[in-house]
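J.: Same order as they appear, the protein sequences are chains A and B. Take the first sequence: its letter number 159 is residue 159 in the UniProt record's numbering, and every next letter is one higher. Take the second sequence: its letter number 215 is residue 215 in the UniProt record's numbering, and every next letter is one higher.
By construction, these hints were calculated from the structure, which means they are not laboratory data. Mixed in with the good hints there might be a few duds.
As the list claims (entries may be wrong) - Heads up, incomplete: computed chain B residues facing chain A, CB under 8 Å, no partners named: (1) L34; (2) Q185; (3) Q264.
Said to hold, decoys possible - Mimicking DMTMM-like on lysine to aspartate or glutamate, the simulated pairs with C-alpha atoms at most 25 Å apart in a straight line are: (4) K39(A) / D222(B); (5) K269(B) / E222(A); (6) K50(B) / E222(A); (7) K45(B) / E108(B); (8) K164(B) / D205(B); (9) K133(B) / D222(B); (10) K140(A) / E180(A); (11) K57(B) / E180(A).
Ideal placement from N, C-alpha and C gives every residue a C-beta, glycine not left out.
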Amino acid sequence: MEHVSLPALSRVAICGGTHGNELSGVWIVREMQKQQVEKVGSISITTVMSNPRAVEACKRYMETDLNRCFTDAILSAPVTDVTPYEVRRAHELNAQLGPKGSQEAMDLVCDLHNTTANMGLCVIFTTFNWISLHIYKYLKSVCVVPEFVSELFLLFSTAFEVGPQPNGVVRADIYNLMKEALDHLVDWVQEFNSGITFEGGEVEAYVFEKSIDYPRDPDTNELTAIIHPQLQDKDFILLKPGDPIFLSFSGETVKYEGKELYPFFVNECAYYEKHIAFHLAQKTILTIPSVSVEND
Amino acid sequence: MSSHNTVSFSEARRVAVFGGTHGNEMSGVTLVNLWVKNGAEIQRKGVETKPFITNPKAVEKCSRYVDTDLNRAFTPENLSAPGGDDLPYEVQRAQEINRLFGPKGSPEAYDVIFDLHNTTSNMGCTLILESSKDHFNLQMMNYIKKAIAPASCPVLLNEHPLLKYSTSRSVAKHPVGLEVGPQPQGVLRSNIFEAMRVILKHALDFIELFNEGMEFPPCTVDVFRVSERVDYPRDANGNIIAMVHPNLQDCDWEPLNPGDPMFQTFDGKTIHYEGAGTVYPTFINEAAYYEKQQAFVTTRRETLVASAIRKA
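Produce the entire structure from the sequences given, and follow the hints as far as they go.
T.: This is how it looks when you write it as structure tokens:
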């Protein structure tokens with residue numbers, strides 16, 4: 001594959017509290033703001049508390065999930081008196097950090113999340129672009145092995161999803177893991193900006209395929225089963241047809257039917273209301289070119 | 001060990017199982033909802049066992065509480081407060097529950113109430129005792145511990161004059177708390193769910209045996225007695241400046257010695273425990289306790305003696 005030259009990444013934004021009860025990002029942003037981290041070498045850093053009211057209330061959101069508000073439809077509709085709080089914030093954040101393609105737009109945005117699922121350190125990207133993939137490749141070589149997932153709905157270009165951690169709790173081990181990954185991301189960007197060439201190669205990635213809901217009572221919509229103990233905490237471990245996925249309250253096992261795929265977001269608290277027990281992904285190999293910063 | 005005389009209690013005829021005292025502690029909510037639909041599993045000969053959702057509005061919202069913590073609301077002031085609909089929701093609920101299952105302190109009160117809770121702390125299956133002199137409860141806890149051995153269930157005794165609080169279950173003559181974790185709020189984990197179910201099964205078996213006339217000989221019960229509440233380190237403005245240290249996280253019931261790491265500041269420094277002696281921390285990093293200024297609670301080990309008991 002031919003070498004690719006890309007513009008320098010001089011403006012980086014770090015967002016915490018997109019969900020107000022996912023506390024690692026909240027505290028990382030608070031600490032960075034306390035230390036007045038604004039510049040690291042060639043990079044100017046902007047820290048943002050995305051959903052301050054939800055952070056104050058220690059809730060995922062006040063009226064609607066901020067992390068689902070970044071659609072073209074929502075962002076192009078005018079803001080009125082009855083616009084929900086999170087939609088307003090989406091407009092504000094889009095103006096502050098974007099809009100994409102404008103002179104003032106951030107070159108890279110990293111959104112910090114936690115999950116109750118046992119996903120370890122997971123790096124999520126919306127689209128495959130060479131910068132994202134190289135950051136992932138670099139993190140894989142220096143951190144506890146992260147996973148790379150393409151997600152449908154994302155506030156920004158990059159997210160760190162770290163778990164397991166309950167909502168409303170800050171665990172030091174999870175905080176330290178996320179902080180370390182963030183430090184490495186900033187290191188990579190600095191090295192990139194300084195002119196280092198990063199070799200290409202192959203990276204393994206998980207691509208979202210579909211979600212599975214809990215078995216529910218058809219009349220009341222209440223759950224009739226929960227994640228089976230053999231699936232609980234087994235994110236990114238291959239699920240095969242016949243494997244147990246749910247255990248009903250009366251003790252029956254529900255088995256998986258379908259092609260071999262990788263489960264993730266297994267038993268994520270916030271997804272009960274979205275009717276998702278877990279997501280399933282395909283594993284794929286991506287080839288990436290070598291990259292370096294373009295000379296002015 | 002002195003056994004004194006055998007203590008008689010009247011048969012435990014009226015038993016309640018509370019779920020949803022905190023609306024986001026899902027094992028109890030789910031179990032009680034199941035048993036309200038079909039209570040066969042919790043019935044025992046000669047016992048009327050009532051499953052009951054104590055805080056339905058909080059359950060609906062999947063939040064800990066609506067106005068105020070129901071599990072702190074059963075104070076004498078609240079239970080006698082006038083004001084009806086103007087009172088906070090949970091105070092109204094406390095009065096209603098006191099009417100249905102109490103009145104607290106009276107001969108008409110329910111014999112036993114089991115209150116089902118979850119915690120984000122790594123407490124395993126903890127039984128919570130409110131009085132060191134409740135020989136009936138001590139014998140029940142001894143029975144449960146033996147029934148699940150070699151698995152363990154620690155007994156937390158909260159008799160502390162300042163730290164003790166007025167729980168939903170305190171309406172009964174014999175209040176029993178079941179605290180099972182770790183489980184995130186709003187999440188249902190299969191292993192936690194089943195563990196709670198098994199503990200309750202043994203507890204109800206004990207009651208049935210007692211009612212049938214079985215005499216339980218004197219026994220000892222190892223407990224952890226609540227000693228002190230430890231808050232997060234805070235700055236001059238009251239903001240938290242550190243997290244539970246990775247060495248202490250998940251180490252409920254394990255000894256914490258003077259000099260051991262206790263907190264880690266957000267910029268990476270360690271704060272050590274500087275108490276006089278070894279303590280046994282629990283409720284380590286419980287989500288709901290950030291607002292109650294509690295990072296963990298320390299306990300001291302003690303062995304209680306329970307007299308022999310039989311039905312009157």
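J.: Now tell me if each hint is right for this structure.
T.: Hints, verified against the model:
1. L34: holds (6 Å)
2. Q185: Hint on Q185(B): holds, closest Cβ of chain A at ~6 Å, below 8 Å.
3. Q264: Holds, because the Cβ-Cβ distance from Q264(B) to chain A comes to roughly 5 Å (cut-off 8 Å).
4. K39(A) / D222(B): Distance of about 56 Å is beyond 25 Å: violated.
5. K269(B) / E222(A): violated (46 Å)
6. K50(B) / E222(A): holds (22 Å)
7. K45(B) / E108(B): holds (21 Å)
8. K164(B) / D205(B): Judged against 25 Å, a Cα distance of about 29 Å means the pair is violated.
9. K133(B) / D222(B): holds (14 Å)
10. K140(A) / E180(A): holds (12 Å)
11. K57(B) / E180(A): Not satisfied, since the Cα-Cα distance of roughly 41 Å exceeds 25 Å.
When the structure is compared with the earlier hints, violations turn up for hints 4, 5, 8, 11 and for no others.
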